[in-house]
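Build the full structure now, drawing on both the sequences and the hints.
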Amino acid sequence: MAKANVSLSGKDILDLASMSVEEYELVMQTAMEMKKIMKRDIKKVPSLRGKSIINLFYEASTRTRTSFELAGKYLGADVVNITTAGSSVTKGECLRDTILTVQAMACDAIVMRHPVEGSSAYAAGISDAVVINAGDGAHAHPTQGLLDMFTIREKGRDFKNLKMAIVGDILYSRVARSNIAAWTKLGADVHVAGPATLIPHDIEKLGVTVHQRVEEAIEGADVVDILRIQLERQKSGLFPTPREYARIFGINEQKLKLAKPDVIVLHPGPMNRGLEISWEVGYCDNAAIRDEVQNGVAVRMALLFLTLTGGKKIENID
Amino acid sequence: MRTLIKNGRVVDPSQNLDAKMDLLIEGGVVKMLAAAIDEAADEVFDADGLVIAPGLIDVHTHLREPGLEAKEDIITGTMAAAAGGVTTIACMPNTKPVVDSSILVSGIKDRSSSEGYVNVEVVGAITKGLGGKELAEMGDMAQKGAMAFSDDGSFVSSSRIFTLAAQYISSFDKILISHSIDPELDSDGFMHEGAVSARIGVPGVPAIAEDIAVARDILVAEYTKTHIHIAHVASKGAFELIRQAKKRGVPVTCEVTVHHLTLTDEACAGYDTATRVSPPLRSIEHVEAARIALKDGTVDAIVTDHAPHAPEEKDVEFRYAPCGFCGLETSLGIILTELYHTKLFTINEIIGKMSTEPANIFSLKAGSLKVGMPADITIMDLNKEWVVDSVKFYTRGKLTPFEGRACKGKAVATMVAGKFVMRDGVVCAR
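Protein chains in written order, with this note's numbering: chain A, 622 to 939; chain B, 814 to 1243.
Some clues are possibly wrong.
With a Cα cut of at most 27 Å, we get these calculated DSSO-like pairs of lysine-lysine [as the list claims (entries may be wrong)]: (1) B:K1197 to B:K1108; (2) B:K1183 to B:K819; (3) B:K909 to A:K712; (4) A:K881 to A:K806; (5) A:K878 to A:K776; (6) A:K712 to B:K1127.
Since the hints were made in silico from the structure, they are not lab data.
Here it is in structure tokens:
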């Protein structure tokens, strides 16, 4: 249970490494309430009425941006989307001035996605509004980590001693770093695997076990988190061909049989079907990929609610 | 003008000297050095409790003029040097335009002597426009007084061009300074590859990017018998390669920066752009290797790689920030604090690496207080306590990873050619 004195009111959400287990718990409990709202016929409550949220996206996004937008709207906030194409960023406006500009319009929260690691911390240092990191380079994607956490818990699993396998592009993955930070903190046994060119040096110092063969990581796993191969990086030759990747490192039904029968398959999306994940695995009964998307809205509602109200007006939900 | 510096502790590695002595300066040179001098002088400087050293020499700086004056210029850069107790600096050629012709060498030297506060030596480019393709007119530049040649900021990737440069420059008795980092490996990342980069997600560059390039440069030095000086060495493997090369008599020397001796990649964990530099700040094992190499003579000189940038250039996301930061006003204080007061190095060793040895490598008429030498003198208070505050810097590019650092030890007066250019931290009017 969340301790009564835990609060995220006014806090920036930058990464999961700097959040406590109690804060995770608060988000999980609040997200359960939020998920109930999502199931209602009329999915709207006034909890964040009068609050304004700016989605500031320097990178492409479908699910993260849309779910933040819907999360804000379901809670009654005004939500504005800024994508860099079509904004003053194309005129060369720097991040400091962009943050100062949106802040001057009295926004309460800035949800930011950016290709450079540390940019959300930099923005938080400038902004008086709450900054929620929606992905900064290869560093962190805390809301993805929290929605994965919610999805695993929703399926009745506790993290203590679970075997978690994260497979694929670890090097460039903010999802991997967020899940490693949270899962190791929650006491899970975390394994990573993929081609050596996509595994960062010294990653074992984060408390994970590294495997050269994905089969070793998957064997007996309770959760398999399959990361997207970022095809845009393939030009730099990190592995020979997509064909070879799919054959040796891609997760298909045969490889998945090595895991526990009730394994939870996660994928942050968008999937490259037939590359890191086979069609069969992508749509199998163990795949929680659509749950992740739905829970993403609930978790983001929870975070917006907790950071912008302090969670004190929970009566407004009902 | 006669100046008498009395009662100071003279530390001069060029004469194996560490004793309480007086120093008489006349006509811009050291006139007399003796236990007690009782001559009339225009000014008597009481250096009781202070160390009198040959002026500090920093063979790796960027003055940014011409063309990049938003970052620094000759006036602000040499003021920073004077403030930091540095009497001679060598400036790198990666300006706009690149210093790849004799007129630019002459221009920088002329402007430095008319506007600058300390001695400025000019490093010319090895290749035209730092392009790495065609040799620049090194002979012409050498004859106009270029100290050495370097494509600093870029590695001369072509082994053919670099070998030709080494062969060619041997006729002029000059040294090549190599920015030894494999550019392809370097282009993949933005910091040192290791536990910190794995944690914070910033793509890392493996230390072998440096080792590979250093190995190539050593082989070229060995083959051509031309003296090659490796700039800003920061990796354990590279120090070992240089150590072995020196043992077998290869004409190679190297330098290490103040920051690679005193900071690790943990400094990058908060994405502070003040910590973004090339080569990157490395893990503790590399810092320890740098200190061992400095101790055992593998390293010949301590430098700053003073590389100022305009504030707006560094006020960006980590990856977008240009590499480098200022160093002239912090180097002595940081080195005294981290290496002298920790008892790792003696004051003799430190002055040797910051003055006498770099002077010897580049055949500069400096780095010594022998009678007849130019009176370039750094007077330091080894116990003065101060805090790094960039607001007080003379350099235009104020961002430093040492901001707020408590230091012990500082230059309290700087003399160039017999004239004080700094006293009590304040640069004197020209």
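Sort out whether K819 of chain B lies within 27 Å of K1183 of chain B, counting only the CA atoms. Roughly 16 Å separates the two Cα atoms, so the pair holds.
Do the alpha carbons of K712 of chain A and K1127 of chain B lie within 27 Å of each other, as the hint requires? Status holds; Cα separation ~19 Å.
Taking only the CA atoms, is the gap from K909 of chain B to K712 of chain A under or equal to 27 Å? This hinted pair holds, its Cα atoms lying about 25 Å apart.
Given the proposed pairing of K1197 of chain B with K1108 of chain B, does the C-alpha separation stay at or below 27 Å? Measuring from Cα to Cα gives roughly 25 Å; hence the hint holds.
K878 of chain A and K776 of chain A were given as a pair; does the straight-line alpha-carbon distance stay at or below 27 Å? Given pair K878 of chain A, K776 of chain A holds - Cα atoms ~19 Å apart, limit 27 Å.
27 Å limit on alpha-carbon distance, applied to hinted pair K881 of chain A and K806 of chain A: holds, 23 Å
Checked against the numbered hints listed earlier, the structure breaks none of them; every hint is satisfied.
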